[in-house]
Amino acid sequence: MNNRLYGNLIFELSRKGRKGYSLPKNRMGGYEIPSMMRRTTDAALPECDELTVVRHYTNLSLNNFGVDNGFYPLGSCTMKYNPKINEEMAALPSFLYLHPEQPTETVKGAEAVVTLLERSLCSLTGLAHFTFKPYAGAHGELTGLMTIDNYHRSHNDMGRKKVIVPDSAHGTNPASAAVCGLEVVEVKSMADGTVDVEDLKRIVSEQGTEISAMMMTNPNTLGLFEKSIPEIASLIHTCGGLMYYDGANLNPMLGTCRPGDMGFDVMHINLHKTFSTPHGGGGPGAGPVGVREGLQDFFPVVSPYHGNFSVMLRAYAYILTLGREHVKEVGSLATLNANYVKESLKDVYELPIDGLCCHEFVFDGLKDKSTGVTTMDVAKRLLDYGYHAPTIYFPLLFHESLMVEPTENESKETLDGFIAVMRRIAEEAKTTPDEVKSAPHLTPIGRVDDVLAAKHPIVTYQQLLHDKD
Amino acid sequence: MTYKYFPHTEEDLKAMLEKVGVESLDGLYAQIPESICFKDDYDLPSEMSEMEVRQQFEALGSQNQQLTCFAGHGVYDHYTPSVIPNLLSRSEFLTSYTPYQAEISQGTLHYIFEYQSMMAELTGMDISNASMYDGTTAAAEAMMMTVAAGKKVDRVLVSETMNGKTLEVLRCYALHRGIKLEIVAMKNGVTDLNDLKTKLLEGGVAGVMVQQPNVYGIVEDFTGYADACHAQKALFVVDGVAANLAVLKTPGEWGADIAVGDGQSLGIPMQWGGPYVGYMCCTEKLIRKMPGRIVGMTRDNRGQRAFVLTLQAREQHIRRQKATSNICSNQSLMALWVTVYLSLMGKHGLKEAAEMSYAGAHYLCDELLKTGHFTLVYDQPFFNEFYVKYDGDGNQLYQRFIDAGILGGVRIGEGFLFAVTEKRTKEEIDNLVKIAAL
Amino acid sequence: MAKVMEGLYYSESHEWVRVEGNEGTIGITDYAQNALGNVVYVDLPEVDDEVEAGEEFGAVESVKAASDLYAPVSGTVIEVNEALENAPELVNQDAYENWIIKVELSDKAELEQLMDSKTYEEFCTK
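Residue numbers (the numbering used here), protein chains in the order written: chain A, 1 to 469; chain V, 470 to 907; chain L, 908 to 1033.
The following block holds chain A by itself, in its conformation from the complex (with noise of 0.2 Å):
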């Protein structure tokens, strides 16, 4: 970490008159941009020559912490290693510069390569056809729902506008059918976090010919398993509905199950975690979505062209060097991960359901709440000790959240390094709970003010200059 210099905006080191480009010379002079086209005013951009460039957002990356930093264990989010030949494939130049409305014949391979991951993706999943127009997870959730709108509205079916979705969701389940202006219907869950499949059954007796679709994840958002997921599809179907695999956690099922093969008609991949393209600080990510035969007609316009393809790329290479024999073993290996952390620490963190888990788990804070210390306070101190904070307040189905995800990458070694400083904080929230409440101590900032940021926000340099005056 970098506290030396951190702290300037680069418009802070721009000095009039330095650059940090070089164009050729214009030797098509004589056309000047006429006056009632332009702006009055300069943009005010950073002038700033190449070194000062590149070392500032050099040690700008100091301050951060990636997947090639340390363990990060942040669930929900399949934070696995991102291999290094991806990037230099997605960086082919025969692939890098090519305008996504070249005539078809001067792209036979761009074109091979959608071909070729759709029918891995087909296999991987299940499913009959692929669309690779959405840029990311909640995208693909988005166009799902529309396909499965479509697909109703193909029949004449207009009444369909609601989508049951678990009371474990994430939100962007219920956010993405409230944007296809589908009306969310929440089905509860039983104590053991699964579906309640009664609760399921009277919304279907009751709403069975409204319904458009269901949304689940499986394993669901606490890592379980649904068991009664061939009862759940036979009753969406019976009603007309559709099965809609929200694919955030598909990692810990490669090798195992299929969702074409547990009844869902409709899914998306997010190609950023399950087939390890980077997240790159939150984006570019890809959420190709899959369906049954049939349904492929009604896929929407989500996007222009082939969506992000560089990402396509790498999750191709991904899938290419794992090869049959090894893409079957991410999923067991992933579990068996997330269970040995589980066991190993379950004595100290208040585990709410018990038993096995798949790629993730979920405590509900420390097992001794009488030290005051929270969960937001064990993950600020992890990072003190130089691990990712795993994802917190999120199932909202417990008030201590603290949801552990932990790859196929990681070895025993990690893991037991990571469970050692997890014992040692539940260990401190005892001894010294202050020192834990005040965390995190090494970073180069410390905890900071929420509170001031949204009621004052500031969000541009200008706003910053303008607040000083």
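If you're looking for bench data, these hints aren't it; they were derived computationally from the structure.
Please read these numbers as outputs of a predicted model, since none were measured by experiment.
Errors might be hidden in some of the hints.
As the list claims (entries may be wrong) - Chain A side only, calculated, beta carbon under 10 Å to chain V, not exhaustive:
#1 Gly7
#2 Leu23
#3 Thr40
#4 Gly263
#5 Lys380
Note that beta-carbon positions come from the ideal geometry of N, C-alpha and C, so glycine has one too.
Add chains V and L to chain A, keeping to what the hints say.
Using the frame of chain A, we list chains V and L on its own:
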């Protein structure tokens, strides 16, 4: 069973399985009904060594043809300075996720704040979000935002001069969201203000969307548009190619409430359609209606300046179905791409590149007109892209270009839409004209 | 223990109404502000907007939560508390002093559907 990405030795497996209390890896899935388990082999090639993967990709790549690009239509072949891919390959940027833990994500948060500042500067708007997927989806989000910001209004008017690709995406979102999308007619290659005014007066309009330069590369005059919109309580949305904003009158100057578009023109390679980055800027008044991530400045408990994701109460993880959008992330790495590009090009470089593109396009247009085979479809001022008709067989000419290694624009109807960037040399332009004159 | 004021009408979604003549002053309860935490923004309607009992008319946001405001009674907005625009924290300081909107009541009979202070107090402890 160790593999280069799986570190589990036989001893590890044994110890871990024992801790978990199952006999074998299969035992981990005991709860899954037998009937739905997958027992076959996946229909995939056998594992490949790194060398084999490379050969495979190179073979696939060799089936593509790299062409000298005179195509645009929303995607432009600008130059990428070497610094950018080099900095972006730093794994601290590449392999991190959304900056939830601000204390160890200041790198990402810091550059997003810079990105937001730069985009606000370029568009002449108050604020920017942390970026969106691309220009077309940013436009769709803007469309939905106008409806969310309005009161019981569901009509959105879009100029016929908007890029057809964007229109198609808008239509898709509008259909499902229940928005009445209507087209404002075009007159001589530009938006018909009279038609716009008539449609506005019919009432119930949430937003009006135009594109600058428009699909034909024409720079439209939006004088009076914002006033006409605001008189009817409609929001005015200007969609445009980011790089041109270095010189063109800004959405802010046109009185826009929301500015959106694609940032691909800021040095991002065309890579057959993505990833790119969408920008979205708006007035301060609309900040809480804005979709997507926003980074704000604050202080930490040590008194230092710090950056943090803010205004999250707008977002899906809190608002669920009432969120302003379903977007969960931004296009972070591409926002970094743009930020480094703008840091290097700076105040003067971006302008110079835009002026070169303008000059190149006008030179090409003049030379094509001189051949006597081409005419401008609309007699209007254009920027770095223009729409011409050819008096011969267009398809044959287009193929002649391809045979010469040139991507001779984008075919729209019978015409050719040519685009020129600072990357096109005088020789390349002359060569294209020579082929066109045959 | 959250404060409850006598003489006000309360809704199940934790809004209160004070009635003077035909004018209703609406705010959120102490219980609600406490549950939300630091309020960072209050989304206000505009004067002359029509509100309908049970329908949302705005929202209160904290850093980690957002809560829609539901009108306990129907009517026309005659005043909004503009002080909350720059100082949303006032809601935390005193939720009863710092009202959110004032409405001209359109149907006083709706008040019968609301709780009195005693019933609301019990409602909160449930």
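Each hint, compared with the structure:
1. Gly7: Holds, about 6 Å.
2. Leu23: Holds: closest Cβ of chain V sits about 6 Å from leucine 23(A), inside 10 Å.
3. Thr40: This interface hint holds because 7 Å falls under the 10 Å limit.
4. Gly263: 8 Å, holds
5. Lys380: 7 Å, holds
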